[in-house]
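A.B. asks: Each chain, written out:
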Amino acid sequence: MSKLRQRFALASLKIVNGLSRRLGKGHGTVAGGRVGLRLDPHLLESLGAQRPSVIVSGTNGKTTTTALLAAALADGGGRVVTNQTGSNMPAGHVAALAGASTETRAVLEVDEAYVPQLLAQIQPRACVLLNLSRDQLDRMSEVRMIAERWKRALALSPNTTVVANADDPLITFAASGGSHVVWVAAGLAWKEDATGCPCCGGRIAFALGGAWACTSCEFARPESSWRRHDSLFVTPNGEFRAVLALPGDFNKDNALMALCAASVMGVDEASSMHAFAQVADVAGRFVSATLDDTNVRLLLAKNPAGWSALLALAEDDPDPVVVAINSRVADGLDPSWLWDVNFAPLRGRRVVASGERWRDLSVRLRYAEIEHETAADGRDAVRLASQGGKSVDVIGNYTAFNDLVKLL
Amino acid sequence: MSALRVCTVYPDLLGTYGDGGNGEIVTKRALWRGSEAELLLARSDESLPEAEIYCIGGGEDGPQVLAAQRLIDDGELTRAVKRGAVILAVCAGFQILGTTFPDASGAAREGLGLLDMTTRKGEGPRAVGELVAECTSRDEGGLGLGLLSGFENHGGVSLLESGVTPLARVLPGRGVGNRPGDGVEGAISGRIIGTYLHGPLLARNPELADQLLRWAMGQEELSPLDDTVAVALREERIASFRTR
Chain U
5 MSKLRQRFAL ASLKIVNGLS RRLGKGHGTV AGGRVGLRLD PHLLESLGAQ
55 RPSVIVSGTN GKTTTTALLA AALADGGGRV VTNQTGSNMP AGHVAALAGA
105 STETRAVLEV DEAYVPQLLA QIQPRACVLL NLSRDQLDRM SEVRMIAERW
155 KRALALSPNT TVVANADDPL ITFAASGGSH VVWVAAGLAW KEDATGCPCC
205 GGRIAFALGG AWACTSCEFA RPESSWRRHD SLFVTPNGEF RAVLALPGDF
255 NKDNALMALC AASVMGVDEA SSMHAFAQVA DVAGRFVSAT LDDTNVRLLL
305 AKNPAGWSAL LALAEDDPDP VVVAINSRVA DGLDPSWLWD VNFAPLRGRR
355 VVASGERWRD LSVRLRYAEI EHETAADGRD AVRLASQGGK SVDVIGNYTA
405 FNDLVKLL
Chain W
197 MSALRVCTVY PDLLGTYGDG GNGEIVTKRA LWRGSEAELL LARSDESLPE
247 AEIYCIGGGE DGPQVLAAQR LIDDGELTRA VKRGAVILAV CAGFQILGTT
297 FPDASGAARE GLGLLDMTTR KGEGPRAVGE LVAECTSRDE GGLGLGLLSG
347 FENHGGVSLL ESGVTPLARV LPGRGVGNRP GDGVEGAISG RIIGTYLHGP
397 LLARNPELAD QLLRWAMGQE ELSPLDDTVA VALREERIAS FRTR
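Respectively, the protein sequence lines represent chains U and W. Counting from 1, position 370 in the first sequence corresponds to residue 374 in my numbering; the numbering is continuous, with no gaps. Counting from 1, position 134 in the second sequence corresponds to residue 330 in my numbering; the numbering is continuous, with no gaps.
Everything labelled a hint here was simulated from the structure, so no lab data went into it. Watch out, some of these pointers could steer you wrong.
Straight-line alpha carbon distances no greater than 27 Å define the calculated DSS-like cross-link-like pairs of lysine-lysine that follow [unchecked claim]:
| no. | chain 1 | residue 1 | chain 2 | residue 2 |
| --- | --- | --- | --- | --- |
| 1 | U | K394 | U | K18 |
| 2 | U | K195 | W | K224 |
| 3 | W | K317 | U | K155 |
Ranges between beta-carbon positions, derived for each pair [claimed, not checked]:
| no. | chain 1 | residue 1 | chain 2 | residue 2 | range |
| --- | --- | --- | --- | --- | --- |
| 4 | W | R275 | U | L236 | 52 to 60 Å |
| 5 | W | K317 | U | R156 | 15 to 23 Å |
| 6 | U | L412 | W | Q415 | 35 to 43 Å |
Glycine included, C-beta positions come from ideal geometry on N, C-alpha and C.
This is chain U alone, in the form it adopts within the complex (with noise of 0.2 Å):
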């Protein structure tokens, strides 16, 4: 019976993607899978089980660690099946899987709310955890019920190897419910949702270079095997040199993460770094394309800490840029943490504020003394920040920019 369920569950999924594909009706991910997994509950277990995989989540570098991490299992030789379109809850997993053989390895992007069910549903060979910080408070949880829930689902997944981030105190604390943890110094420029300690409730310290630790308690930084000098890598297997096609040092971090996964599943660093190097393109993110004859340079930055990042990268960049946020469930449905965001890197540049929730973003500007002007619509922002010109930097969150992705 259950066998005749998840061949039934399998095949709807797959006419059911099929048909939103040709349909347009997107991606054709999540759709097949919902109606797979409502046919067969437990079709996640029987796609993932087998199959040799690694989960990767935190709050901000999810998509990009999975790309470079999937780029690096597959030049290593061999298929490899991931979740590329950001389709990141069980859904998505399902849909992905679904597309290729039980014994091929798999690599996910799994949102936080997630990772407990895919470590009991698919005892993961790896689990990749990079960083939490505030994103979407109306439907996450606060970073310490998530950071709990990871610690608790961890410890009843034994033969998963926690790859962790061990400059991220929340992270670090997760990462402690697991049998094998691989500490990993990638960094954590955000640290305004780390000060109170997650074990005992006292105040954490930081001190410059990154090191931190509580200041009533025991928990501390523990010491990192992994850990980078600008680009060169520094591992127990040696030092490389990275090279990377994306931009900013959080993706240097991301790099340094990925190349620690793909060593766990068995990828040398050298055949990594070869196809980090290869990576340009994580769903339209950092690339460019053209608009009604203007170079548009697509930006994505989700909550503060993203945002941060990105300003940070784009701070001696003369262009004009549109800022365009929306509220939608995927983005968070409170912009509040908007005055999170220092703006002032785009202080003296051309600056538009659009997307669905502009007042909110001109009424922070405002108060930051950004000059800017407004347009609602994406287009309609384009053609206002160039004046003609011929580069406009887009930055967005979530639905935001894939809505500038559709555009051009």
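Let chain U serve as the given structure and place chain W on it in line with the hints.
C.D. replies: Just chain W now, with coordinates in the frame of chain U:
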């Protein structure tokens, strides 16, 4: 008069929900009118500075307990209230001004006791969403500033005792407020204002920001500022209920 001091209390513990904008907004509105003003960000490893306006924001359960302990040990906030300082406290910051509030396990913790109010863990789902409420009148001890717009996101429920006035009454069907069924939002006692509203609150309600300034600067009349976009934002948010 010497420079107006606005203090954002413990942004490292109570800075999770974007409420840090409130301190920035009050400070800028004073500066734009030609007054001297400075914004002080008081982190939790420092003693709280003297200020005329204190803004306290929302945070997570664990850090909230730590913040309350530190504020009680520090003592400055209680002294400031006696001097006539203004406090705007949001969400977790609002809860710790009461007599008790719940920690992550639901156990009651001691608050600062500056508002006659108790908070406990709610049994139902978190109250999450847009809220519109009408300020209580001046006759009742309220502000009489018309409608307030904000975004609530809290699991705790607060019960106001006789010593405080509700800040506002929730319009029917437009949010939860302090406790499901009570239909009231926030609390006011003298120059202490507590509320569950994020947004941040003062970005959407510039009239309230100016009320804090009138108290702190001892001026009845403030010169007008261009609030066109803030008013448009506020109207769009209030209208968003009708188009849902």
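A.B. asks: 35 to 43 Å was suggested as the range; check whether the CB atoms of L412 (chain U) and Q415 (chain W) agree with it.
C.D. replies: violated, 52 Å
A.B. asks: If you check the beta carbons of R275 (chain W) and L236 (chain U), does the distance land in 52 to 60 Å?
C.D. replies: holds, 53 Å
A.B. asks: Holds or violated: K195 (chain U) with K224 (chain W), Cα cutoff 27 Å?
C.D. replies: holds, 26 Å
A.B. asks: Please verify whether K317 (chain W) and K155 (chain U) have alpha carbons no more than 27 Å apart.
C.D. replies: Holds. K317 (chain W) to K155 (chain U) sits at ~24 Å (cutoff 27 Å).
A.B. asks: Does the structure keep K394 (chain U) and K18 (chain U) at a Cα separation of 27 Å or less?
C.D. replies: violated, 43 Å
A.B. asks: Holds or violated: the 15 to 23 Å window for the beta-carbon distance between K317 (chain W) and R156 (chain U)?
C.D. replies: holds, 20 Å
Hints 1, 6, counting from the list given before, are not met by this structure.
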